[in-house]
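Participant: Spelled out, the chains give:
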Amino acid sequence: MTARKSLDELASLTGGRVQGDGGAVITGILPVEEARPGDIAFIAGKRQLKLLKDCRASALIVKDGEFAEGSFPAGVNLLLVKNPYLAFAKCLEVLRPQSAKEPGIHERAVVHPGAAIGKAVSIQACAVIEEGAVVGDRAVIYPGAYVARGAVIGEDAVIYSGVTVREDCIIGKRVIIHSNSVIGSDGFGYARDGAKYYKIPQTGVVRIEDDVEIGACCAVDRATLGETVIGRGTKIDNLVQIAHNVKVGQDTVIVAQVGVAGSATIGSRVQIGGQAGIAGHIELGDEAMIGAQAGVAGDVPKGSVMSGYPAIPHGDWLRASTVFTKLPEMKKKLAELEKLIREIEGSKKEP
Amino acid sequence: MTARKSLDELASLTGGRVQGDGGAVITGILPVEEARPGDIAFIAGKRQLKLLKDCRASALIVKDGEFAEGSFPAGVNLLLVKNPYLAFAKCLEVLRPQSAKEPGIHERAVVHPGAAIGKAVSIQACAVIEEGAVVGDRAVIYPGAYVARGAVIGEDAVIYSGVTVREDCIIGKRVIIHSNSVIGSDGFGYARDGAKYYKIPQTGVVRIEDDVEIGACCAVDRATLGETVIGRGTKIDNLVQIAHNVKVGQDTVIVAQVGVAGSATIGSRVQIGGQAGIAGHIELGDEAMIGAQAGVAGDVPKGSVMSGYPAIPHGDWLRASTVFTKLPEMKKKLAELEKLIREIEGSKKEP
Amino acid sequence: MTARKSLDELASLTGGRVQGDGGAVITGILPVEEARPGDIAFIAGKRQLKLLKDCRASALIVKDGEFAEGSFPAGVNLLLVKNPYLAFAKCLEVLRPQSAKEPGIHERAVVHPGAAIGKAVSIQACAVIEEGAVVGDRAVIYPGAYVARGAVIGEDAVIYSGVTVREDCIIGKRVIIHSNSVIGSDGFGYARDGAKYYKIPQTGVVRIEDDVEIGACCAVDRATLGETVIGRGTKIDNLVQIAHNVKVGQDTVIVAQVGVAGSATIGSRVQIGGQAGIAGHIELGDEAMIGAQAGVAGDVPKGSVMSGYPAIPHGDWLRASTVFTKLPEMKKKLAELEKLIREIEGSKKEP
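Chains as they are written, first to last, in this note's numbering: chain A, 7 to 357; chain B, 7 to 357; chain C, 7 to 357.
One or more of the hints may lead you astray.
Which copy is meant is left open, because identical chains are indistinguishable; a pair holds if it fits in one copy or across any two.
What the hints assert, rightly or not - Distance condition first, Cα-Cα at most 27 Å in a straight line; then the derived DSS-like pairs of lysine-lysine:
(1) LYS69 <-> LYS205
(2) LYS179 <-> LYS11
(3) LYS253 <-> LYS205
(4) LYS332 <-> LYS345
(5) LYS339 <-> LYS308
(6) LYS338 <-> LYS179
(7) LYS338 <-> LYS56
(8) LYS205 <-> LYS59
(9) LYS59 <-> LYS253
(10) LYS332 <-> LYS11
(11) LYS202 <-> LYS88
(12) LYS125 <-> LYS205
(13) LYS88 <-> LYS332
(14) LYS107 <-> LYS337
(15) LYS52 <-> LYS345
(16) LYS253 <-> LYS332
(17) LYS69 <-> LYS88
(18) LYS345 <-> LYS107
(19) LYS202 <-> LYS69
(20) LYS202 <-> LYS339
Rather than coming from a laboratory, the hints here were simulated on the basis of the structure.
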């Protein structure tokens, strides 16, 4: 789909101001290097200024006040904004509108008569909605998704193909769940019975609050008792594991392939880097930042930045990691010094 | 669903004994902090005794002989058992019975006439069962699951939504496979042909023995020749990778996001922590324990406890990890000592 | 299915030569230890010669020129080839032919009339093909797979059960995608808006070139703008994460559970070990090799071999890792030496 917007319209959309021709017509959005006349492009920072030499874009999104006059080629129009990345997102929305699914229930969808289906929903082929499930107004359920008995899908939620939402789990408004993720699989809980394991029924649910986005191929386990919770606005990447009874706060970011073990509590506005592991029953304070591949085995205070395995303060880890590569020479040096000292000691005793 | 059991009935179910009113009616089970009259709660250990001050539960599951008299509030009934966690599991089963799927083949399921379907099975909407597949008595196949040609699903097995069981794979009795896991995908095997890779057909199968549970979004690859085997009673968490020709023993526990490379042999009663990696063609002895995020590159003797990357004995790893954070000061100290020694040496030579 | 081939036919197939009876009839292929008369087996290297004592195979695939005369039992026929592993793959193909899916569109498949469907395709039950999608000749779409609007599936591609190919993504010829992988999920991109995250529309696509194979439960995200690309002949194992705007070259191998962050560029003929992580916006040169579980945070030159976290040259990492376990004794030694030096220093000052 294509769109036509004047630069003035984009300024109004993004709360920015135009320097140049506000009537310029913008029909596309591309990286600076690829932009052609008619396109708007996004300058992420000063490093990108060198790309402007051959710039053919009709307009540039730039941070207001960041660049000296004369930084830009003559004749290029500027959209000056406070938050260029946010402006870029909003321009993308209108310049590359994504085709919405038309409302309607596909004849090959399987919707139990005892499910409560809202207005203007889209339920597509081979989606299965069980008895007692609720699908909120304008929600979209893609092909092959499964909404089990008693599960609730919030208004305007988007459940992509192949997603499973197990029994009684609650998905908030405007939540997006990408393909093949599983919400509400059984927690990994067993009682030992001699050498064998006896399954502990996982009778709780998962509750995902409003405005959460969950990537593809994630697993969020239901609680043993009570709830596993993903807080409002939190964003989770692909292939992430959230175990039973975990509580995640609001506006937290969890990057791909992270694993969070059972009953851990993650605060709000936390950031967890890719492939990191969070042990069970621990607590990460608000605004904590966990480095990629870190292994966090204990509580992390609010605002701490941690890396490594086991995780330690990020600065300490960086310094220790730098020395790590020098271990062989340190070992050699230590042996040399020992030899020297023994010699000195020996010579002292001689006379 | 709700249930009503007398405390005497729960004692009989769990092999425990009642201290207090055996006729007390129990209708729910909740954590101590949340329990109300009518509920039974579970005391996991002495640390939880402090929660009892405001306890409103009608009964507590406690380990027989662990607590001194007077540890518990007057009037609270006790269910004294040998294994409280196991008793908790059994009480959960009866107090929160999970609604079973009614037997039957949904009209929107796709069952090949050449499949052998047992008694009292449940095959749900959009599940697809191919020619030559076998579905054992009372097995449950959830929506969108796929049982390929010649695959065998054991009696009482539960195959959740979106699971694929590929051609000729064998799933034992009472096995549970959670949503979107894949059993029998091709092993990752190629012959090099110059710079290119030539696919080696993966002609073997996966055999999953009785009483295994496999989490959501796992991949268990079929063997090149022969079988990939998951032994009886083994429990596998979410997002786990089991490569081709791996053999896993009995009652082994594999936590989320573990990866086991091709042709590795894992013993029985082994425990592998989350995100650990096991190299190909190596052997983990029975009862071995592998720490979370460990990378195991060589054989591990029976009963060994290993951590780190590369994995070393856990105690050694703990001690070395503690020193790791002190590397920068060790390096500095080493330089200081060297300077001192050079001075001493120099002063010796002077006179 | 069974097959009958003469040894001469297998020699012709593999470009090898027969030593012994070229007319010997081969009907199966098994490991040396399990092979019976009628089987051909594969000798991977000299280590396996000891298995030959009780060998009952009718023929052996061996590397031409590698073994001294008399290495093999009298009477066993040899298929001498330049590349035994490749010959094994080719023999497997003919001796264990895998049953192809018959062409046809299942009556329970859901194919939009506005999709373009090639000749001799197989589209199976509960697969969903949307408007504007293209399915190339002889492609096979397994049950429950979803091909979204405008997506293109190349000729002879195999899309296994439960795979999602999102809007406008392009899958090359002969590509194989294993069950429950997701191609074209949204990239993980947000603009910060105060403490909240604002979704950046992911308007690009994924392009997968010819002859790529992708394992089960992988996620390959679509680009924000432009393309995420997987180059010709690249092989990707299970549970791998490829983020938005990543470019992977040709004939690269990515082992299970690897994560590649956004906008990284991976060269051709690269090998990445299991569970490794590649940071965003970095570049891995052609033929680079990355060890299992490594964490690569910066550019890697062509042909480099890297391990560890943060990744360093593999040799350095091996040496440092060996010393790592000795850290506690090094620390102790350092303290001892310091004490000695202080004593020496003190004694010097005394008189």
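Participant: With reference to the structure, classify each hint as holding or not holding.
Facilitator: Status of each hint after checking the structure:
{"no.": "1", "hint": "LYS69 <-> LYS205", "in the structure": "between (56 Å within a copy, 19 Å between copies)"}
{"no.": "2", "hint": "LYS179 <-> LYS11", "in the structure": "neither (30 Å within a copy, 39 Å between copies)"}
{"no.": "3", "hint": "LYS253 <-> LYS205", "in the structure": "both (22 Å within a copy, 23 Å between copies)"}
{"no.": "4", "hint": "LYS332 <-> LYS345", "in the structure": "both (20 Å within a copy, 19 Å between copies)"}
{"no.": "5", "hint": "LYS339 <-> LYS308", "in the structure": "neither (40 Å within a copy, 33 Å between copies)"}
{"no.": "6", "hint": "LYS338 <-> LYS179", "in the structure": "neither (62 Å within a copy, 56 Å between copies)"}
{"no.": "7", "hint": "LYS338 <-> LYS56", "in the structure": "neither (47 Å within a copy, 42 Å between copies)"}
{"no.": "8", "hint": "LYS205 <-> LYS59", "in the structure": "neither (65 Å within a copy, 31 Å between copies)"}
{"no.": "9", "hint": "LYS59 <-> LYS253", "in the structure": "between (50 Å within a copy, 25 Å between copies)"}
{"no.": "10", "hint": "LYS332 <-> LYS11", "in the structure": "neither (58 Å within a copy, 59 Å between copies)"}
{"no.": "11", "hint": "LYS202 <-> LYS88", "in the structure": "between (60 Å within a copy, 16 Å between copies)"}
{"no.": "12", "hint": "LYS125 <-> LYS205", "in the structure": "between (40 Å within a copy, 25 Å between copies)"}
{"no.": "13", "hint": "LYS88 <-> LYS332", "in the structure": "neither (45 Å within a copy, 44 Å between copies)"}
{"no.": "14", "hint": "LYS107 <-> LYS337", "in the structure": "neither (65 Å within a copy, 62 Å between copies)"}
{"no.": "15", "hint": "LYS52 <-> LYS345", "in the structure": "neither (55 Å within a copy, 45 Å between copies)"}
{"no.": "16", "hint": "LYS253 <-> LYS332", "in the structure": "neither (41 Å within a copy, 34 Å between copies)"}
{"no.": "17", "hint": "LYS69 <-> LYS88", "in the structure": "within (6 Å within a copy, 62 Å between copies)"}
{"no.": "18", "hint": "LYS345 <-> LYS107", "in the structure": "neither (77 Å within a copy, 74 Å between copies)"}
{"no.": "19", "hint": "LYS202 <-> LYS69", "in the structure": "between (62 Å within a copy, 19 Å between copies)"}
{"no.": "20", "hint": "LYS202 <-> LYS339", "in the structure": "neither (52 Å within a copy, 46 Å between copies)"}
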